[in-house]
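J.: The primary structure of each chain is shown beneath.
There are 2 protein chains.
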Amino acid sequence: MSELRWDPFIDSWVAIIEARGRRPVDFITERKRIETSVCPFCYGQEDKTPAEVYALRPDAGLPNQPGWKVRVIPNKFPILRIEGQLEARGEGVYDVKNGIGAHEVIIETPEHERQPADLRAAELADVFRAFRSRLVDLRRDKRFRHIVIYKNHGLEAGATIPHTHSQLLALPVIPPHLRIALRASRDYFRRKERCLMCDMLAQELSDGRRLVRVDGEFAVFAPFASRHPFTLRIVPRSHLHDFAQLTDHMLLALGETLHDVLRRLRAVLRDPPFNLVLHNAPLAVPRPGRPEFWHSLPADYHWYFELTPRIMDPAGFEGGTGFFINPTSPEDAARYLVEAVQ
Amino acid sequence: MSELRWDPFIDSWVAIIEARGRRPVDFITERKRIETSVCPFCYGQEDKTPAEVYALRPDAGLPNQPGWKVRVIPNKFPILRIEGQLEARGEGVYDVKNGIGAHEVIIETPEHERQPADLRAAELADVFRAFRSRLVDLRRDKRFRHIVIYKNHGLEAGATIPHTHSQLLALPVIPPHLRIALRASRDYFRRKERCLMCDMLAQELSDGRRLVRVDGEFAVFAPFASRHPFTLRIVPRSHLHDFAQLTDHMLLALGETLHDVLRRLRAVLRDPPFNLVLHNAPLAVPRPGRPEFWHSLPADYHWYFELTPRIMDPAGFEGGTGFFINPTSPEDAARYLVEAVQ
Chain L
1009 MSELRWDPFI DSWVAIIEAR GRRPVDFITE RKRIETSVCP FCYGQEDKTP AEVYALRPDA
1069 GLPNQPGWKV RVIPNKFPIL RIEGQLEARG EGVYDVKNGI GAHEVIIETP EHERQPADLR
1129 AAELADVFRA FRSRLVDLRR DKRFRHIVIY KNHGLEAGAT IPHTHSQLLA LPVIPPHLRI
1189 ALRASRDYFR RKERCLMCDM LAQELSDGRR LVRVDGEFAV FAPFASRHPF TLRIVPRSHL
1249 HDFAQLTDHM LLALGETLHD VLRRLRAVLR DPPFNLVLHN APLAVPRPGR PEFWHSLPAD
1309 YHWYFELTPR IMDPAGFEGG TGFFINPTSP EDAARYLVEA VQ
Chain R
1009 MSELRWDPFI DSWVAIIEAR GRRPVDFITE RKRIETSVCP FCYGQEDKTP AEVYALRPDA
1069 GLPNQPGWKV RVIPNKFPIL RIEGQLEARG EGVYDVKNGI GAHEVIIETP EHERQPADLR
1129 AAELADVFRA FRSRLVDLRR DKRFRHIVIY KNHGLEAGAT IPHTHSQLLA LPVIPPHLRI
1189 ALRASRDYFR RKERCLMCDM LAQELSDGRR LVRVDGEFAV FAPFASRHPF TLRIVPRSHL
1249 HDFAQLTDHM LLALGETLHD VLRRLRAVLR DPPFNLVLHN APLAVPRPGR PEFWHSLPAD
1309 YHWYFELTPR IMDPAGFEGG TGFFINPTSP EDAARYLVEA VQ
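Sequences listed follow chains L and R, in order.
Residues in the first sequence are numbered from 1009 upward in steps of one, following the working numbering.
Residues in the second sequence are numbered from 1009 upward in steps of one, following the working numbering.
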């Protein structure tokens, strides 16, 4: 049984997954593609996965049959389990919650061979439609505090199944980086009565040196203090704390933006492995006797995607200290991407 | 010129290193050993490195000549530069400092072929003596806020030169993880008038399930919420905030502890690559008109080493969210290490 554990010294929750019956050398993992003769994410293999929780079926076919464009299924090997009651206890100076959560897979296309940068804007918009639908559904579950949606592309980025897909994790805790961003956004808003990300975006648009792309709805820039080479933030230009508020028009604009960015990255960095993470507002924290707080996501937060090509593993002490050394300035990264011939 | 940059949204400093004249594909790095016909860390090659800043020479020989047991030199390709005045400025919502710092290399033995686990306790104590000496020297430099000492062993852990060595970085900023631990330690002490790490250690000693080793001076345990498989903390049993306070007796005890732990890791995980990071108290923050604060390191902090074998790269969203998924419980890791046949 998995557990979530909190260490006061690092002030963070960590998921400890029990994998029984392994010998120590089995922990020395080389990441490997899962090789199967038949891909479980292709048409006709729907019975090899758990039953779908969402599917986009233009022809209104039967569930768990071919005919879908995007399909969402529970992960067959979930990190956290959906069944059971959330339990929390102290253990001396530590805290423990049992490993309750949701872990789903968003299959982005039925076509096995297509890469993320091959998907057209309208197809990416359909994927985002699935994200939106799952966010709206899962946030009704009062056990969860936050929903992360992320995509690993390429083996080095953690994609063990090559058929392009994203994943969703609903967590009963707030991840550390989100807590920091929430606090920063809240403090900034209290002091200035303006959104921190809105101000950052205004500065990036006016400065321009780190800007990769902008249209009426979204801007893409390399963060001023990028921890990794070629990290990008995809940010809605209007203040929105919640991805689920995106209109169909904005979903399509987001599809155009991501399509363009993926093409540029492919041209400049030769189809790099990457991680794409949705940083959405957390689900509201319950307060004793105030059930209305449940549905109020913090509006001083501004959601964004962060896209990080995995072209360089952090060496040495970055993981231990949280202090990162980046050999590529975001100004250089942005310039290469702006000038990319696609 | 390198820069330290602060992003309010991640509330962290990042070092941006300018590497001019590279093409984008040059950023796709496979970590490679630096192949030289002659190792610059061996006897007789002292003139191939910058002039030493410390050396342990039992026979009192000349500097920058053979005869040393441990030798400390400035890094030939420093991440941060020692020359110049520390300058800080705002840039809109961001903060910038110029890349001032110290970056040194501690060559742990003149013998090229010896691995960390081959070094005897007394030899490791000599390495720690060099750490202590450099900490005492560099903390007089008022530009620095913190000194990190770390060791990368093995290519996957970032060691591009095979001759065993550690590195030291003196920073004009406090790394993010340290800031969190400082705040946690301070808050805990204010509330309980006890040290957080002392209480954690007492719990680990009494529980025993995560304990790998203990003697009169040091304890080694797998943290309750380990972010990575087989991470270990090496902690002094008496409350000490500052590594530089270690007596010669304690340096030797620490050498015995590390020697034993490295042997156990080598036996269980087959000579894994690893990172060892010294988490010492930061140098005090200056206060206007209160120069006496310069030399008061925060005494509610408790220093420790963290040792992390690099046997599994974090995949997917760990880097983005700070939320880690660890497939090995610390109880399992500790049991394997306790039972190790060395």
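Read the hints as simulated data drawn from the structure, not as lab findings.
Here a beta-carbon is modelled for each residue, glycine too, at the ideal position from N, C-alpha and C.
Honestly, I wouldn't trust all of these hints.
Covered by chain R, according to a simulated footprint, are these stretches of chain L (three or more residues, beta-carbon under 8 Å) [stated by the list, open to error]: (1) 1012-1018; (2) 1099-1109; (3) 1186-1198.
Facing chain L, according to a computed beta carbon distance under 8 Å, are these residues of chain R, among others [unchecked claim]: (4) 1014; (5) 1017; (6) 1024; (7) 1101; (8) 1203; (9) 1283; (10) 1334.
J.: Against this structure, judge whether each hint is valid.
T.: Going down the list of hints, with the structure as the test:
no. : hint      : in the structure
1   : 1012-1018 : holds (count 6)
2   : 1099-1109 : holds (count 4)
3   : 1186-1198 : holds (count 7)
4   : 1014      : 6 Å, holds
5   : 1017      : 5 Å, holds
6   : 1024      : 5 Å, holds
7   : 1101      : 5 Å, holds
8   : 1203      : 11 Å, violated
9   : 1283      : 6 Å, holds
10  : 1334      : 5 Å, holds
Violated hint: 8 only; the structure is consistent with all others.
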